Amino acid sequence: MRRADQITGVIVLIFSLAVIEGGRRMPPSGTFGPGAGFLPFWLGAAMAILSIILLVNATREPVQASDRSPFPRGRAVLAILETIGGLAAFILLLETLGFLVSIALLTAFLLRCVERVRWLTTATVAVGNAIGMFVVFRMLLGVSLPKNIFGF
Amino acid sequence: MDIFSNILMGFGVALSAQNLLFCLIGTIYGTLIGVLPGIGPVVGVAILIPITFGLNATTAIITMAGVYYGAMYGGSTTSILINVPGESASVVTCLDGYEMAKKGRAAPALGMAALASFIAGTLAVILLTFIAPPLANVALSFGPPEYFALAFMGLTLVTSLAGESMVKGLMSGIFGLVVACVGVDAVSGEERFTFGFLSLLDGAGFISVAVGLFAVSEVLCNLEESMEQIFIRAKFSLRSLFPNRQDWKDSLAPIFRCSFMAFFLGNLPGAGATIASFLGYAMEKKLSKHPEKFGTGIIEGVAAPEAANNAAAGGSMVPLLALGIPSSGTSAVLLGALLVHGLKPGPLLFQTSPEFVWGLIASMYIANIMLLILNLPLVGLWASLLRVPYKILMPLIVTISAVGVFTTDNNIFDMWVMFVFGIIGYLMRKLKFPAAPVVLALVLGPLVERTLRQSLTISHGDVTIFFTRPISAVLITIALVSLCAPLLRGVMDWRKKVVEIS
Numbered sequence: 011m012r013r014a015d016q017i018t019g020v021i022v023l024i025f026s027l028a029v030i031e032g033g034r035r036m037p038p039s040g041t042f043g044p045g046a047g048f049l050p051f052w053l054g055a056a057m058a059i060l061s062i063i064l065l066v067n068a069t070r071e072p073v074q075a076s077d078r079s080p081f082p083r084g085r086a087v088l089a090i091l092e093t094i095g096g097l098a099a100f101i102l103l104l105e106t107l108g109f110l111v112s113i114a115l116l117t118a119f120l121l122r123c124v125e126r127v128r129w130l131t132t133a134t135v136a137v138g139n140a141i142g143m144f145v146v147f148r149m150l151l152g153v154s155l156p157k158n159i160f161g162f
Numbered sequence: 016m017d018i019f020s021n022i023l024m025g026f027g028v029a030l031s032a033q034n035l036l037f038c039l040i041g042t043i044y045g046t047l048i049g050v051l052p053g054i055g056p057v058v059g060v061a062i063l064i065p066i067t068f069g070l071n072a073t074t075a076i077i078t079m080a081g082v083y084y085g086a087m088y089g090g091s092t093t094s095i096l097i098n099v100p101g102e103s104a105s106v107v108t109c110l111d112g113y114e115m116a117k118k119g120r121a122a123p124a125l126g127m128a129a130l131a132s133f134i135a136g137t138l139a140v141i142l143l144t145f146i147a148p149p150l151a152n153v154a155l156s157f158g159p160p161e162y163f164a165l166a167f168m169g170l171t172l173v174t175s176l177a178g179e180s181m182v183k184g185l186m187s188g189i190f191g192l193v194v195a196c197v198g199v200d201a202v203s204g205e206e207r208f209t210f211g212f213l214s215l216l217d218g219a220g221f222i223s224v225a226v227g228l229f230a231v232s233e234v235l236c237n238l239e240e241s242m243e244q245i246f247i248r249a250k251f252s253l254r255s256l257f258p259n260r261q262d263w264k265d266s267l268a269p270i271f272r273c274s275f276m277a278f279f280l281g282n283l284p285g286a287g288a289t290i291a292s293f294l295g296y297a298m299e300k301k302l303s304k305h306p307e308k309f310g311t312g313i314i315e316g317v318a319a320p321e322a323a324n325n326a327a328a329g330g331s332m333v334p335l336l337a338l339g340i341p342s343s344g345t346s347a348v349l350l351g352a353l354l355v356h357g358l359k360p361g362p363l364l365f366q367t368s369p370e371f372v373w374g375l376i377a378s379m380y381i382a383n384i385m386l387l388i389l390n391l392p393l394v395g396l397w398a399s400l401l402r403v404p405y406k407i408l409m410p411l412i413v414t415i416s417a418v419g420v421f422t423t424d425n426n427i428f429d430m431w432v433m434f435v436f437g438i439i440g441y442l443m444r445k446l447k448f449p450a451a452p453v454v455l456a457l458v459l460g461p462l463v464e465r466t467l468r469q470s471l472t473i474s475h476g477d478v479t480i481f482f483t484r485p486i487s488a489v490l491i492t493i494a495l496v497s498l499c500a501p502l503l504r505g506v507m508d509w510r511k512k513v514v515e516i517s
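Chain order of the listed sequences is G and Y. Take the first sequence: its letters are residues 11 to 162, numbered as in the numbering used here. Take the second sequence: its letters are residues 16 to 517, numbered as in the numbering used here.
Don't take every hint at face value.
To list a few chain G residues with every Cβ distance to chain Y over 12 Å, as calculated [unchecked claim]: (1) Thr-18; (2) Val-73; (3) Gln-74; (4) Ser-76; (5) Ala-89; (6) Phe-100; (7) Gly-138; (8) Ile-159; (9) Phe-162.
Here are some of the chain Y residues that sit facing chain G, going by a computed Cβ distance under 8 Å [what the hints assert, rightly or not]: (10) Ile-189; (11) Cys-196; (12) Phe-208; (13) Val-234; (14) Ser-399; (15) Val-403; (16) Thr-414; (17) Trp-431; (18) Phe-434; (19) Lys-445; (20) Leu-446; (21) Pro-461; (22) Glu-464; (23) Val-478.
Listed next, the stretches of chain Y that the computed footprint assigns to chain G, with coverage defined by at least 3 CB atoms under 8 Å from CB atoms of chain G [said to hold, decoys possible]: (24) 199-207; (25) 406-413; (26) 417-427.
To be clear, the hints were calculated from the coordinates, so they are not data collected in a lab. As the structure is a computational prediction, the values presented were derived from the model and not from experiment. Virtual Cβ for every residue (Gly too), placed ideally from N, Cα, C.
Bound-form chain G, shown alone (with noise of 0.2 Å):
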C-alpha cells in the first residue's frame, strides 16, 4: 500500500488545493455571519492537511519488496472495463434505444462479454430481466420510462 498511499496523497493534495480555490472564490461572509465559502474552504483546507499526513505516513514505511499494488492485474482487469464501458454506454444509448432494448443489451453484454456465460443463458435472462423490469416500474410503480422512436 505504501506507494498507492503517495500517489492517493498526492491526488488528493491536489483536489483539496482545488476545493480550497473554489471556496475562496466564494464570498468568504454574508451579511450575517460566515458566507457560502466559509465551510468549503475549511473542508479543503483540513483535507490538505490530511493528505500529507498520509503522504508523510506511507514514505516513512519501509520499503517492502512485497508492496503490491492493491489493483487486479489481468482478466480481472477486463472485466472491470468492460463492465465500466457497459454501464456508461447503457446512459448514452437509454433514450435512443429506449427501455426495454437497452436493458436487454447491456443484461446480456455483462453475461456473455463479462461473466461468459452460455448463449442460452444469456437470452433467456436477457428477456426475462427486461421484460421483468418494465412489469415492476412501468406496470406497477407507474414509472415513465424512455421510449426509442418506434415506441417502446
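Please build the complex by placing chain Y on the supplied structure of chain G, with the hints as guidance.
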C-alpha cells in the same frame, strides 16, 4: 401511559392492509438481500428509495426498515451454509455456524440464528419504544450549537471507527461534506461546485451517490473474485430446526447479554451491527467457561453474534428517530429516505408526525414476527436460492441500480452521478477508504453547515459558543478526544520507547 396509547395508535397504522403488505414485501426482500452474498442492507435500502417513491412516507419507510431487519436475519443462512457472510454483520456467524453445519447440525444452527434474531430484535424494539420519546424531549431544548456538536460528534466517531486508518476515515468524511456543498447554498443562494450543470443545482442526488458508492462499486470489486461457493446440503424439517434443551441452556444468557450490549452500542454513532456482532462474540468468549470451544461449532457462537447484530440494528433507530442523527451506513440511507419523502427528521418528529413514528415502531414488532416465520419454516427456500450463481445476479444488480436511480427524477444525469461515484467507490474500496462516512457526511452535511453558520452568527463569529454551553461542550469534547486518541497513543508509545532506552 402516554407511550401505551401512542403505541396502540401505531399498531392502528401498521396493521392497515397496505402497510402490512409492504412490511411483508420489505422483510422478504430484506431476507433475500441478506441471504445473497455481495449485496448488503445499505444497497438494498438505497435501491428501494426510488422504487418506493410513489408510496406514502410511512409505508415507504416501514418497507425499508423491514429490509434492514430482514438482512440481519437472512445473512446468517449464508454464513452457516456456505461459510460466506451474506452481509458484513454475519461475518462472525461463519466461525461457529459453518463448523456446526459441517458436523451435520446445520438445522439447529439456522433455527437458533432465527430465534436469537427474533428475541434480540423484539427486545430492541421494546427498548426503543421507551427510550426514544424521552430522548427526543430532551433534544427539543437543543439550539444550533448543540445540534452542530451532535452532528460533529456523530461524524467524527463514525469516521474514526470506520476502516483501518483514521486518516483515511476522516478524509472520506470530509469528502462527503464537500459533496454535500454541491448545489445552491441554502443560506446565501450562492452556487457552489456546480460546474455549469443545471442538474447539480439541487446537489448531487443522495440516492445516486449512495447506489454508486455501494452497489456499483461492490459489483466491480466482486468481478475480481470468483464467487463460487461450496454449499452444504442439509435437510430441514421444521422439527429439526428447533434447538434442543441443552442448546437453549447454552444460548439464552448470551442472547440476552448480547441484546442489551448491542442495543446500547447501536445507539452510539459509528458502532453499527457489524462491530456489535464482533464485540458480542468476543464478549461471550471471554465470559464462557470453555472459551477454547468457540470456533469449533458451538451454538452460543451462532446465537451471540446473531442476537447482537439484530439488537444493534434496532438500537440504531433510536438516534435516527429521536435526534435525526444516523449512527451507521444503513441508517444514514434511511435518513436520506426520510428527507426524500419530505419528513423532517429530528426531535420534533414525534410531535409533527406521530402516526409515522409510532406506525414505524409498531411495524418493527410485526416485522420481527414476520421474519421469524420467514426464517424458520421457510429457511429451506432461502437456502435453495443460494444455488443461483452470482454470475446471473450481477447484471440484475447493475440494471436495477441504474434504472432505480433514473426513476427518482427521470433524469439521465443522475445515472452519470451514480456512474462516477461507482468508480470513486471502487477506488476507495481498493485503497482502503471506508465508504460509509461519505454517505453519512452527505446526509448530515446540510445540518452541519446550517447549524455551524447559525451558531457563529449568534456568537458574532466567536467559536467559544460551542464550549460555553454544557451539552455542546460535552459532545464536542467527546469528538475531540476521539480525534486525538491515536495521537495520545503515539505519545505513550514514544514515552515507552524513551523509558526502555534509558
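Taking the hints in turn, this is what the structure says about them:
Against the 12 Å criterion, Thr-18 (chain G) falls within the reach of chain Y, whose nearest CB is about 5 Å from its own CB. Residue-level check passed: Val-73 (chain G) sits 19 Å from the nearest beta carbon of chain Y, beyond 12 Å. The Cβ of Gln-74 (chain G) lies farther than 12 Å from every Cβ of chain Y, with a closest approach of about 16 Å, so its non-interface assignment holds. Look at Ser-76 (chain G): its CB is around 17 Å from the nearest CB on chain Y, clear of 12 Å, so calling it non-interface holds up.
Under the 12 Å C-beta cut-off, the non-interface status given to Ala-89 (chain G) relative to chain Y is violated; the minimum distance is some 4 Å. A beta-carbon of chain Y is positioned within 12 Å of the beta-carbon of Phe-100 (chain G); the least distance is around 7 Å. Gly-138 (chain G), annotated as away from the interface, has a beta carbon of chain Y within 12 Å; the closest lies near 10 Å. Residue placement check: Ile-159 (chain G) keeps its beta carbon more than 12 Å from all beta carbons of chain Y (closest about 17 Å).
For Phe-162 (chain G), the non-interface assignment is confirmed: its Cβ lies about 15 Å from the closest Cβ of chain Y, beyond the 12 Å cut-off. Of the supplied interface hints, the one on Ile-189 (chain Y) holds, with its beta-carbon coming within about 5 Å of a beta-carbon of chain G, less than 8 Å. For the restraint placing Cys-196 (chain Y) at the interface with chain G, the shortest Cβ-Cβ distance is roughly 5 Å, inside the 8 Å limit, so the hint holds. The beta carbon of Phe-208 (chain Y) is positioned within 8 Å of a beta carbon in chain G (closest approach about 6 Å), and the interface hint is therefore held.
At its closest, the beta carbon of Val-234 (chain Y) sits 7 Å from a beta carbon of chain G; the interface hint therefore holds under the 8 Å criterion. Interface restraint check: Ser-399 (chain Y) against chain G, minimum CB-CB distance 18 Å, threshold 8 Å, status violated. With 8 Å as the threshold, the beta carbon of Val-403 (chain Y) stays out of range of chain G, its nearest partner Cβ sitting at about 11 Å, so the hint is violated. For Thr-414 (chain Y), the interface hint holds, since its Cβ comes within 8 Å of a Cβ in chain G; the closest pair sits about 5 Å apart.
Checking Trp-431 (chain Y) against chain G by beta carbon gives a least distance of about 6 Å; that is within 8 Å, so the hint holds. Satisfaction of the interface hint for Phe-434 (chain Y) is found here, the shortest Cβ-Cβ separation to chain G being roughly 6 Å, below the 8 Å cut-off. For Lys-445 (chain Y), the interface hint holds, the least distance from its beta-carbon to any beta-carbon of chain G being 5 Å, beneath 8 Å. Hint status for Leu-446 (chain Y): holds, given a least beta-carbon distance of 5 Å to chain G, under 8 Å.
Evaluation of the Pro-461 (chain Y) hint against chain G yields a violated restraint, the C-beta minimum of about 10 Å exceeding 8 Å. At a threshold of 8 Å, the smallest CB-CB gap from Glu-464 (chain Y) to chain G is about 5 Å, leaving the interface hint in force. Because the beta carbon of Val-478 (chain Y) sits about 11 Å from the nearest beta carbon in chain G, more than 8 Å, this interface hint is broken. Coverage of the stretch 199-207 of chain Y by chain G holds [criterion: at least 3 residues with CB-CB distance below 8 Å; count 5].
Residues of the stretch 406-413 of chain Y lying with their CB closer than 8 Å to a CB of chain G number 6, which satisfies the three-residue condition for coverage. As drawn, the stretch 417-427 of chain Y meets chain G at 6 residues by the rule of a beta-carbon pair under 8 Å; at three or more, the given contact holds.
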